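S.K.: Each chain, letter by letter, is given below.
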Amino acid sequence: MTTLIEAPPTDADGLLPSKKKRTGGGLGQYILIRFLLIFPTILILVTMVFFLMRITGDPITAALGGRLPPEQLAERITAAGYDRPILVQYFEYLGQLITGNFGTTLSDNRQVTEMLVTYGSATLELTINALIVALLVGIPLGMVAAHRRDKAPDAVLRIFAILCYATPVFFSGLLFKLTFSVWLGWLPVAGRARTSSELQLTSLQAPTGIYWLDAIRSGNTAALSDVLAHAVLPALALGLLTAGIFLRLVRTNVIGTLGKDYVEAGRSRGVSEFRLVTKHAYKPALIPIITVMGLQIAVLLGGAVLTETTFEWKGLGFQLATYLTARDFVAVQGIVVLLAVIVAVTNFIVDIVAALIDPRVRY
Amino acid sequence: MSSDPITTYKDPRASWFGRLPVVSHFNKSVGLQRGMLVTGLLLTAIFLLTAIFAPLIAPYGFSQISDADGGFPAQQAPGGKHLWGTTVGGYDVFSRVVWGAQTAIMVIVVAVVMSIFIGVILGLVSGYIGGWLDRILVVIADAVYAFPSLLVAIVMAIVISGGRSSLWGGIVAAAISITVVFIPQYFRVIRAETIRLKAEPFVESAKVVGASNVRIMSRHIFKNATRTLPLIFTLNASEAILTLAGLGFLGFGIEPTSAAEWGFDLNKALADTTSGIWWTGVFPGLAIVLTVLGLTLVGESINDLNDPRLRGRKKAAAGKADRIPPRARRQRSNQK
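Chains as they are written, first to last, in this note's numbering: chain A, 1 to 363; chain B, 364 to 699.
Rather than coming from a laboratory, the hints here were simulated on the basis of the structure. Computed from a prediction, not measured in an experiment: that's the story for all the values here. Keep in mind that a hint or two might mislead.
As the list claims (entries may be wrong) - If you want the ones that stay clear, here's a sample from chain B, every Cβ over 10 Å from chain A, calculated:
#1 Q427
#2 P436
#3 G452
#4 I503
#5 A509
#6 L513
#7 L514
#8 L560
#9 E563
#10 F565
#11 A569
#12 P593
#13 L613
#14 S621
Stated by the list, open to error - Derived, one-sided and incomplete: chain B residues facing chain A with beta-carbon distance under 8 Å:
#15 G494
#16 L500
#17 F510
#18 P511
#19 G614
Even for Gly, the Cβ is constructed at its ideal location relative to N, Cα and C.
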């Protein structure tokens with residue numbers, strides 16, 4: 001992304017005299033340019049997805065072809081407007097997207113927008129849980145590995161990090177299910193909650209859709225423990241995938257900062273090794289972690305599709321897999337577009353946070 | 364030995380063997396790093412050999428459900444005639460895991476070769492020509508790069524095959540899906556290198572001599588810009604396996620009758636877990652993990668060894684390293 005920001009449009013004014021002005025307006029300008037860049041990104045992805053999906057033919061033939069006689073099929077294609085020129089359809093689709101209308105699914109005749117809201121919260125919950133696991137596992141272990149560099153703990157942790165990356169979420173999920181649900185019987189096999197607590201939580205006033213948040217808000221401890229028991233394994237499976245990346249990142253960056261002079265100065269003043277690693281070396285190492293966290297959102301969302309299918313977690317990814325099997329490409333397109341928007345917006349937020357923390361990023 | 368240290372040092376440039384990417388890295392490595400590299404190479408070698416000799420290793424075909432003695436039993440525990448048991452459909456798990464290596468390697472080779480080819484050309488052209496073409500390509504590549512790779516692969520799989528396919532159709536579809544994910548990565552690396560090299564004196568002088576743009580790109584820049592490719596290749600090969608398995612797991616892989624695919628087998632194994640049947644899922648899963656682990660270890664080691672800051676400090680091999688004079692040692696670490 002950063003390569004795009006090299007030339008702000010106001011450069012024509014001349015570089016030298018405006019030196020003072022630029023330091024004053026730098027951040028505001030940076031945020032504005034960065035914000036405006038979201039739109040081409042989303043537009044490119046929407047355009048690509050739209051045209052790629054249409055290369056295969058119209059969605060109705062894909063979903064119902066072979067199951068309906070050709071005359072009825074043609075009738076429905078005309079009714080939905082799929083026989084018009086593709087550019088007309090494209091601009092109509094863009095217009096609909098701006099007003100928040102994603103169309104109607106073909107397989108179960110629902111509003112795509114409504115479907116996205118219902119299942120989006122489940123995916124959000126899973127992603128948040130996984131991110132918590134990833135940070136809780138990755139950051140402390142990364143600091144340990146950096147502190148014990150090239151010793152046995154470092155070697156073990158680095159192998160662990162690569163293993164985290166090398167294990168597909170559906171395989172770690174399968175292993176977790178086998179161990180903790182089937183053999184030990186500690187945790188439930190699949191789903192987000194028992195039907196009873198699911199009913200209690202969805203009948204709340206203005207539910208957030210994030211079950212543990214709803215359970216805490218309503219003070220329902222039985223439902224909370226049930227929800228948490230269901231959440232552990234999916235969050236672990238998805239969280240470990242990114243935990244390895246955080247671990248390595250923290251390790252490399254802390255090793256980098258541990259060699260700096262100010263750390264040496266702290267050591268000579270008698271600051272404890274623990275404090276040196278956790279305070280002095282760790283904080284400057286945080287900036288790349290925030291940047292990578294933004295990229296990890298994309299990885300987490302991709303992983304969520306697989307995790308949700310593994311654990312029958314009824315979120316966007318689970319629905320995506322279901323709609324893919326049903327060849328319902330209107331719904332698939334809706335989900336993909338929503339995820340594109342989420343990724344673009346997250347990257348924007350991450351870039352802004354990084355700029356706020358580190359002035360050098362702003363150029 | 365005891366004479367002038369410079370004469371005992373053998374320049375690795377002398378032999379082509381010592382200059383091969385992996386061999387030169389092996390010579391540079393010490394201690395833990397060497398251990399990781401060797402482990403990675405071993406796992407990768409096992410994977411390659413399994414893939415090549417799959418017809419000899421596998422006792423049965425990947426879609427075979429009966430032999431001369433009659434049909435295979437369903438969901439039989441490991442042991443006896445079926446080393447790793449059988450699936451619910453009566454397939455032999457061991458045979459399918461072995462054949463799966465062959466599918467995986469075909470997809471990796473097709474995918475990585477295609478994405479290197481396209482990505483390198485686009486990166487060279489974009490970086491060398493610059494201007495609006497460069498801008499547009501960068502925006503597109505960034506947009507695709509930021510997007511979850513699995514979703515890009517899913518969309519491509521829909522486009523290419525509508526999701527269902529035969530052996531070669533499935534392999535090509537999976538490979539193209541993965542290619543689209545990888546092109547931006549090669550594009551970025553090569554473009555950045557091209558922009559750097561464009562300003563180098565030797566490119567300038569080639570221009571002065573009158574070399575055409577195509578010749579400068581293909582001779583002068585390409586050869587210098589590709590030194591990072593072995594690293595991206597190994598890392599991408601492992602990612603390609605994960606993407607292929609992910610596609611297969613979502614039901615977008617290759618039909619079980621046309622080829623064996625680890626992700627697809629894991630999807631089918633998911634239903635078995637609740638009844639405590641572990642062998643249908645654990646073995647294909649382990650195959651994925653070990654293969655990816657092997658490739659990643661090789662890639663990681665090459666990466667660390669290329670970067671002097673990350674390279675293991677040589678004190679572990681003090682006796683050996685001391686014999687090399689500082690100048691020659693610097694020379695050695697400069698060439699990659």
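S.K.: Each of the hints needs a verdict: does it hold here or not?
M.R.: Going through the hints against the structure:
no., hint, result
1, Q427, "25 Å, holds"
2, P436, "22 Å, holds"
3, G452, "18 Å, holds"
4, I503, "6 Å, violated"
5, A509, "6 Å, violated"
6, L513, "4 Å, violated"
7, L514, "6 Å, violated"
8, L560, "17 Å, holds"
9, E563, "20 Å, holds"
10, F565, "25 Å, holds"
11, A569, "26 Å, holds"
12, P593, "18 Å, holds"
13, L613, "5 Å, violated"
14, S621, "19 Å, holds"
15, G494, "12 Å, violated"
16, L500, "11 Å, violated"
17, F510, "6 Å, holds"
18, P511, "3 Å, holds"
19, G614, "6 Å, holds"
Against the hints set out earlier in the document, violations occur for numbers 4, 5, 6, 7, 13, 15 and 16.
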